[in-house]
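Start from the sequences and build out the full structure, keeping to the hints where you can.
So the protein sequences, as listed, match chains A and B.
When you line the first sequence up against the numbering used here, it's residues 1 to 473, in that order.
When you line the second sequence up against the numbering used here, it's residues 1001 to 1270, in that order.
Warning: the hint list may mix true and false statements.
To be verified - List of simulated lysine to any residue pairs, SDA-like, C-alpha gap at most 25 Å: (1) B:LYS1128 to A:THR365; (2) B:LYS1128 to A:VAL351; (3) A:LYS366 to B:ASP1073; (4) B:LYS1048 to B:VAL1098; (5) A:LYS366 to B:ASP1090; (6) B:LYS1128 to A:SER367; (7) B:LYS1035 to A:SER280; (8) A:LYS366 to B:ASN1019; (9) B:LYS1079 to A:PHE278; (10) A:LYS467 to A:SER280.
If you're looking for bench data, these hints aren't it; they were derived computationally from the structure.
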Amino acid sequence: MVVMILGILLGVAIIAFLIGRARALTVAGEQISSLHSRPSYHGGYLAIFSTVPAFILSLLWAAFSKRFIESSVLGNFSNQLSSFDVLQVQTFLRDVRTLAANQANDASQVILSTQGEVRELAQEAAGLYASQLSSANNLLSVLVVFLVLAGFVFGYRRIKVEKRNRHFVEKFITLILVACSAVAILTTIGIVFSLIFESIRFFQKVPFFDFLFGYHWSPQSAFESAGGTSLADDNSRIFGAIPLFVGTFLITFIAISIAAPLGLMSAIYMSDYASLNFRSIAKPVMEILAGIPTVVYGFFAALTVAPAIRGWGEAIGLSVSSESALAAGVVMGIMIIPFVMSLSDDVINSVPQTLRDGSYAMGATKSETIRRVVLPAALPGIVSALLLAVSRAVGETMIVVMAAGLAANLTINPLEAVTTVTVQIVTLLVGDQEFDSAKTLAAFALGLVLFVITLCLNVFALRVVQKYKEQYD
Amino acid sequence: MDAMNTKRQEDAVNKMVQNEIKMSGKDVCVSYGEKQALFDVNLDIPAKQVTALIGPSGCGKSTFLRCLNRMNDTIDICKVSGDIRLDDQDIYDHDIDVVELRARVGMVFQKPNPFPKSIFENVGYGPKIHGLVRSKSDLEEVVVKSLQRAGLFEEIKDRLHEPGTGLSGGQQQRLCIARAIAVSPEVILMDEPCSALDPIATAKVEELIDELRENYTIVIVTHSMQQAARVSQQTAMFHLGKLVEVDETDTIFTNPSNQKTQDYITGRYG
Ligand SMILES: Nc1ncnc2c1ncn2[C@@H]1O[C@H](COP(=O)(O)OP(=O)(O)O)[C@@H](O)[C@H]1O
Ligand SMILES: [Mg+2]
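Structure follows, in structure tokens:
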């Protein structure tokens, strides 16, 4: 119903726009320039007045009418339902809704969760529910028609030569833009808050410092006592997040030490050495590489790189586990090379040619020019490119699952299996889980710490960039 | 050109013979890809004088200027032919090192382009990459001397370690000149060095050019007739990629032999 009304309102808006514009032209007569606002602003003005009030009403209706009708139906049957507990009432309501939606069909055919007496009661209630729903919808239609007409007449009479309708329309547009950005910001805030609240619940079961500074991570052995409260002693021993963070940083470090030099060098080659022809082919190819799904890199890591590393390691007498941080890090590094390259290439290219010319004119060679002029000028951009790459590496999950394993070893030996924060979040949440066990809640706590760390990283990066900008602009 | 003009040019050349010729171009042709930008330009540049290149936009002044320190090498599609000499040595010869050439023939650009470094490092850049200084105190001496010669030192002596990009436009341009003279070049090329500056900054730079003439050979591209008249001793007029006329500045401005030159300097076009 509401969807249909919204569709109709869209049509009304277009028609009102056209009428408003035509009206403005009529009002202006010969001298179009006498209009304070251009005709299309008058059109927009009329469209806003004709549709926005009805639109807001429909939205409110969609949000609240169902709940209102349900409580009125329940009120009517409060005597019969007095013995029901909350869950039973919920079931009853669900049946009522199903029955109401299937009114056209034979009621006895509809599959319900309740039987017998309750079922008959539900059928009775469904009749009431359906009739209330249809009268509500009728009321809505009448109100919408009224609002559209009233708005239209109101707006239409205000299309005059001297009316400053442009200001109104511009303000309305600003309002819409503000509303859109508010949605984006509020969603983010909402996510952060849900992270925080779930984490607080986790920290009620596991002490904060035991979590943050614990050396041992094995949530699979989490034990919930019969009452649902966990044994705090055990939990504080198995939810130590240090191995995960060490694993994450180990793999990220390996990945960045591969991606940063390779990506940066190839960006320099691309922007300052390569011929135009080569560049026009190579750059799109690199950007396609950046689009390969990480799971594909994951195969590559697990099936090719990890065995190879193991083979080499054994050849020189090192013991390498078949899943290793090195394999995951190397492949992750390869994965983010195109990313680093593409971003730094853009940054290096945006260093003005006049600076390069200035350096060449001093007799500097190409490499001197790049080292002493281009790179320092591009540094803030390169730093932020690298930090974006770090965030990608920290957030990457698939390659680690496939190549580095799930074992939460506390080690900085790149030849051993390690695991990362994101991988553990995934393993904590897959499968059947109770939503409030310590094990599940741990995922939120991990997410929160990861979020705080990346936030600090970004703030730090912004500081660095800003400092350089101040110095060099 | 008719006989009389040729005669007059010979006179002019004779006058300049007293001055040695620092650089010379013979039959210089330049093309960018298919498009030819310079046609058989013959121009001598006398030592320790200012030579102004004038002419309407797109006539090839910058192109010629950039041939003199081989800055055109940085443009892939640019082909230069002809014979360009510095102290009678062909600068497009195989065994000429552009690095050394550009140390001898410095350049200042239209838009001030200080590096995103401190004032000190901007001026010290050339001496460092050419290995002209041994110690830190040597470097300091060179930097201070160059800034003094560029007439900038007094204004910024407390701010040597602040970014060069923080100076005003005129100061930045003088910084670029200081940067160019820090490697003790013999020739300084300037491509419309004042076109981005206000009148007061322009006056300062012009004054500076006049002083620099004592020690350096200067070639300047300018759009301002007054500027050419004020700072230069020789003026060359370009039109559509050809050198139309070259003579002493006084002669060009009081009694040009070519109609196009006359039209241009009296502001009838360009
Ligand atoms: N990098 C370049 N690539 C292609 N054509 C160029 C380039 N630079 C200059 N030209 C062409 O060469 C001609 C002369 O240019 P230029 O020397 O810059 O003129 P001026 O400095 O006298 O205004 C112009 O027609 C211009 O379009
Ligand atoms: Mg030019």
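Each hint tested on the structure:
1. B:LYS1128 to A:THR365: holds (13 Å)
2. B:LYS1128 to A:VAL351: Within the cut-off at roughly 22 Å; holds.
3. A:LYS366 to B:ASP1073: holds (12 Å)
4. B:LYS1048 to B:VAL1098: With Cα atoms ~22 Å apart, B:LYS1048 and B:VAL1098 stay inside 25 Å; holds.
5. A:LYS366 to B:ASP1090: holds (23 Å)
6. B:LYS1128 to A:SER367: With a Cα-Cα distance of about 14 Å, the restraint between B:LYS1128 and A:SER367 holds, given a limit of 25 Å.
7. B:LYS1035 to A:SER280: holds (23 Å)
8. A:LYS366 to B:ASN1019: Given that 25 Å is the threshold and the Cα spacing comes to 36 Å, the pair is violated.
9. B:LYS1079 to A:PHE278: Within the cut-off at roughly 21 Å; holds.
10. A:LYS467 to A:SER280: It is violated: about 34 Å lies between the C-alpha atoms, which goes past 25 Å.
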